[in-house]
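Residue numbers (this note's numbering), protein chains in the order written: chain Z, 1093 to 1462; chain C, 1093 to 1462; chain B, 1093 to 1462; chain U, 1093 to 1462.
No lab work stands behind these hints, which were simulated from the structure alone. Just to be clear, a hint being listed does not mean it is correct.
If several chains are the same, the list does not tell them apart, and a pair holds so long as it fits within one copy or across any two.
[Said to hold, decoys possible] The calculated lysine to any residue pairs, modelled on SDA-like cross-linking and capped at a C-alpha distance of 25 Å, are:
hint : residue 1 : residue 2
1    : Lys1259   : Arg1451
2    : Lys1325   : Ala1258
3    : Lys1325   : Val1236
4    : Lys1237   : Asp1330
4 protein chains.
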Amino acid sequence: MWGMSAAMQTIETSSLDLASDNASGASSKVLEALVAANDGVAPAYGADPFTRRAEERISEVFERDCAVFLLASGTAANALALAALTPPYGAIFCHAHAHVMDDECGAPEFFSAGAKLIGISGDAGKITPAALAASLAAYPAGLVKQVQPAALSLSQASESGTLYRAKDISGLAALAHERAMRVHMDGARFANAVASLGCAPADITWRVGVDVLSLGASKNGAFACEAVVFFDKALAADFAYRRKRGGHTLSKGRFLAAQMLAWLDDHHWLDLARHSNACATRLATALAVISGVRLAWPVEANEVFAILPRTADLALKQAGARYYPWSADRLAIEERPAPDEVFVRLVTSFVTREADIDRFVGIVAANTGN
Amino acid sequence: MWGMSAAMQTIETSSLDLASDNASGASSKVLEALVAANDGVAPAYGADPFTRRAEERISEVFERDCAVFLLASGTAANALALAALTPPYGAIFCHAHAHVMDDECGAPEFFSAGAKLIGISGDAGKITPAALAASLAAYPAGLVKQVQPAALSLSQASESGTLYRAKDISGLAALAHERAMRVHMDGARFANAVASLGCAPADITWRVGVDVLSLGASKNGAFACEAVVFFDKALAADFAYRRKRGGHTLSKGRFLAAQMLAWLDDHHWLDLARHSNACATRLATALAVISGVRLAWPVEANEVFAILPRTADLALKQAGARYYPWSADRLAIEERPAPDEVFVRLVTSFVTREADIDRFVGIVAANTGN
Amino acid sequence: MWGMSAAMQTIETSSLDLASDNASGASSKVLEALVAANDGVAPAYGADPFTRRAEERISEVFERDCAVFLLASGTAANALALAALTPPYGAIFCHAHAHVMDDECGAPEFFSAGAKLIGISGDAGKITPAALAASLAAYPAGLVKQVQPAALSLSQASESGTLYRAKDISGLAALAHERAMRVHMDGARFANAVASLGCAPADITWRVGVDVLSLGASKNGAFACEAVVFFDKALAADFAYRRKRGGHTLSKGRFLAAQMLAWLDDHHWLDLARHSNACATRLATALAVISGVRLAWPVEANEVFAILPRTADLALKQAGARYYPWSADRLAIEERPAPDEVFVRLVTSFVTREADIDRFVGIVAANTGN
Amino acid sequence: MWGMSAAMQTIETSSLDLASDNASGASSKVLEALVAANDGVAPAYGADPFTRRAEERISEVFERDCAVFLLASGTAANALALAALTPPYGAIFCHAHAHVMDDECGAPEFFSAGAKLIGISGDAGKITPAALAASLAAYPAGLVKQVQPAALSLSQASESGTLYRAKDISGLAALAHERAMRVHMDGARFANAVASLGCAPADITWRVGVDVLSLGASKNGAFACEAVVFFDKALAADFAYRRKRGGHTLSKGRFLAAQMLAWLDDHHWLDLARHSNACATRLATALAVISGVRLAWPVEANEVFAILPRTADLALKQAGARYYPWSADRLAIEERPAPDEVFVRLVTSFVTREADIDRFVGIVAANTGN
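One chain only, chain Z, in its complex shape (with noise of 0.2 Å):
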């Protein structure tokens, strides 16, 4: 069609490819539906009716009216979204593996002019009360010399894999409320940890005292979209600027709107997100009884981090497997690796495939070493 193909032949179709769920692409709703948008013409920069459309239907999934932006970055949503929060001389509190900590190459600093980030240490990538209330404790308010709490910024589903119960964010938010700072979720696997829960949307979100929101559609079924949904639509006052600042206002905005629409619809959202989560969990039951797996954290969404046999890992590489290493330091002392075992992260999406799930967890099963 477009005489590229053969060079494009080359990419990688292994079916075990657990590496991370930004490898799979649209899925074919989310296609059609950017396939359809792309009939006539529209106003640019946000001011057509699918993106107008698209706001409307984001209020009615959170049941609240809200302040919606759509882009095409995750990064750029949590970013974007804690500079809406946080002034330069702010602090932002969040997980120190946070992926806004670690991941993003400084884009929270960046956005709001300098902000600093302060990691609390927490197991299975989850921040307690205890721990939040300590850190909070080392910046009292009005102190001159230091950076002020602005924000906490909880991530759903964590880096590890598990979810906060509403509950926790509650309790987590209260005491972020107290010090009149403001609550940010980064949920670029919010639909895996809504699916996992089977709560409303809401119920982990505005009603447990969450400010704002960057909603991922990109992980879970989308080619590029993402919006950050204020809940109290009077901090988003100055998101337009920023958004247009930051090069993120795209001209053609109908497309992100289309791929929001088809990805809400008829719960296509969870629908993609349940199957994600089936995968892993899947995989973690049959990992788990293997002699010689451990896993380090509950699996409580779409990805499952394991302590495998190094004969294990060499079976799958070999097999064409593709997933990371994982750091080490993320384990208590007592539940690192071993020499001849790894540390490893299994994520699953909505392309994964249950025979693959099994096909991967025979080769481990078949080079324990034991």
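We have chain Z; now place chains C, B and U onto it with these hints.
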């Protein structure tokens, strides 16, 4: 198909839409490429074979080994490119009404951490060597109290729909390079320029002193795709970090690359631009002979700037035409619209139809008030 | 005393130094106050009684309860004050050749995280209401692609040594406030303005719409002391953090306060300014009657801008006089210096002696080449 | 003299002020130099002979041709120095409780346009090579999603009043240089370190790998004077612009230089520091033998960190003593104060008197509650 279609039927499908080349969608070739790229999985964040191939392809098109970075936004392409050239205490010289100056909500200032843009007046959207020299003379080297000349940014095509010739660019670039500045080209409509001038892409870029180009596909057939092209690869040393930090490294990078590949393949980009340009020429030629209509500047790309009788403007609006009024202060005082005239911008694109142009012209001709 | 004195005897002690009011040292009263404040210990970082008293004293002088912040640098005072008024996506309107625009190496852009300064041309260093209105009209409210009007900055005295009258300021401030902008006054030479106009400090500040003032003592009798004075205390809510973060909260804050207290005490600041102004008037009056000499603008403070015969310029230089050439583009074309003329700035200060003025004038008169 | 003296008599003149070395004023030699420099006029903005001489003098003191920049604030010295070493996407490694991390309200983030500070835990305020290596290992070169290691900042003396030996510094600097990072030293109390170690200034700076030093005089005898000293002059290429833009280029620069010259002259700086250090040693030695008192860390400069009985704390407060409580989380769990104890920081300075130390100790000894 996805349930929203009724709501979406409100989309503006006026065949007289000359408001913006951003009102169009993607060309069918670009769309097909996107669909094709959606099969299977691929490494995230640009580590996929599509991206590699797109980078190579741009080097081929420009007949030079370039450092290439894909992203989704023209504003981001410009601002990130300028930030790569300009320290925080630097000055960026550009036309007084350049897009980077007027239409990006301060994105260049944001990405450069506060550099200053120095606007240079010039007829028809272009900077002359004399005006650049005069402006530079006000910033002597090493005067600590002033920002330091760092970059020259030229728009090709200009915001007035005019073009710099190769020798224009080389003259301006020489002045910039004498001051150890770097030269950026905002090529949001670079395809229109190449198609109009009938030159090689290299002839109006690195061969005449351009150091980095923002190459825009979004206005001319892509969904959302731009490339920052460094002809001097040394300038790109830290661009990957800046792009990431700006939230402009898309997780599913292959979809940017797929657009760019289809767009460049088999001269598709120039075919699309030739069509836009031809529509603009057809429109300008026909308007020019209507009594009571004046053209502000030569029509060299896909934009027509016209002073129309107010009667014509009203008739067009009633017929559903869309276009923007333009600021009279862009015109010399003696050329500004009279009270019964309006100054407007008319933009054609690859989806503009000749019949619509003719209909537009017909409405003007029939409503000059004479 | 400390062994370096021989080297230091090279210091320029020309009695014809009209280069800058920054060439002077501190007045004897200010010096004595500094010496007195050096006894004993005091709490650091401005928590000392001197600082408290200086803050109160400024409120008394301005007949209003103000929020006051002392610092050592006029550039910092301006940039921090503007940053308190202007978001990163904001626009600051000022004269095209204001100090904040031309002479601070981009400090306002730095402290505001990338706001844009919009220069407004105007004769004799001043902005007219018509020019401000025209400039504002190009920035309609809520147009997302543009920076948003946030602040108006007026220099009193202006960079051309001229003054705004109370009614000038109220007219300009009214235009700014209509757009919900805030008004800043760069008062590096505010003392000269008050002394010249014979008004109360309040009459040309908050009574006519000024929201925040950079009050400069450094050029007029202090070592290094400026105050940012917020007439609307709500605007000062986060200033303490911004000042600290900018490194402008001096550890031994009492020494700033001691300078300010002595400077304000018993009208000392106005006595110093009256002397400077009188010297400038004496200089201007004498120059004006010399054939071949022209004054560019009215002399209303302590600066004289004169077009001198080149012969006079040479004779002055030979006599050891110091002053800066000034840019001819500040003048209307018909008033620019001829090839045998030079355009210069002559600045008087509290240490200027009448005899030196007379000697300076004598050299000019004897060397007009006529 | 200037009418405010009555109000000023409220100044705190407790002879038991151990709150901060910033509570002192200037030494008599520094004061005399300032007074002497006040005669006559001098070129502004550091173009005066005092400044030139001070720059030379620092090069002499450090036995190397350095690039030297004077300013009035230690926070600014640190932040500007770090900004010269660190791009916006860079990481600065420092002790978890370094001044740049905890006490500058985010100044390094501000001046660097959003770099990230990585805190490294370490006993007694110091970083070990093992801890630095472990921290660096988490930031592999070229991993785009992370900030990039750019600078190591060491505090000498440390925030715990301890010192790095030359070989400590060379070991840490070697690790940094291996990663192409640069080494900064926060020398707010550098004089105390040199005086205590009895070494040449060069021995603990450039000879062991320090690239740039913030040399502080303010805490040890100056009014307000710091120098940023680049041992690698190439790193200083754009410092003049950054300092100006930060508002830290004082207009009457000679007064900074006069302080620095007097401070360095005839080993005055080391004499002052030796006195402070001796007072701290006297205090620590006497406290250490009091039953019920513990010292947290070795006393190597002019700070004593002690765990006192609460009874002693109360008695000291009643006697008018001033000092700050210190955070118990700086101590290992087993060393933290019991409920009837307090953890405090006691800082001596060049104005501390031995008799006051003895009186302070006497109060403690008499009030241990035993």
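Checked hints:
1. Lys1259 <-> Arg1451: neither (38 Å within a copy, 55 Å between copies)
2. Lys1325 <-> Ala1258: Within one copy only: 22 Å inside, 41 Å across.
3. Lys1325 <-> Val1236: Classified as between; 18 Å across copies, 29 Å inside a copy.
4. Lys1237 <-> Asp1330: Between copies only: 13 Å across chains, 28 Å inside a chain, cut-off 25 Å.
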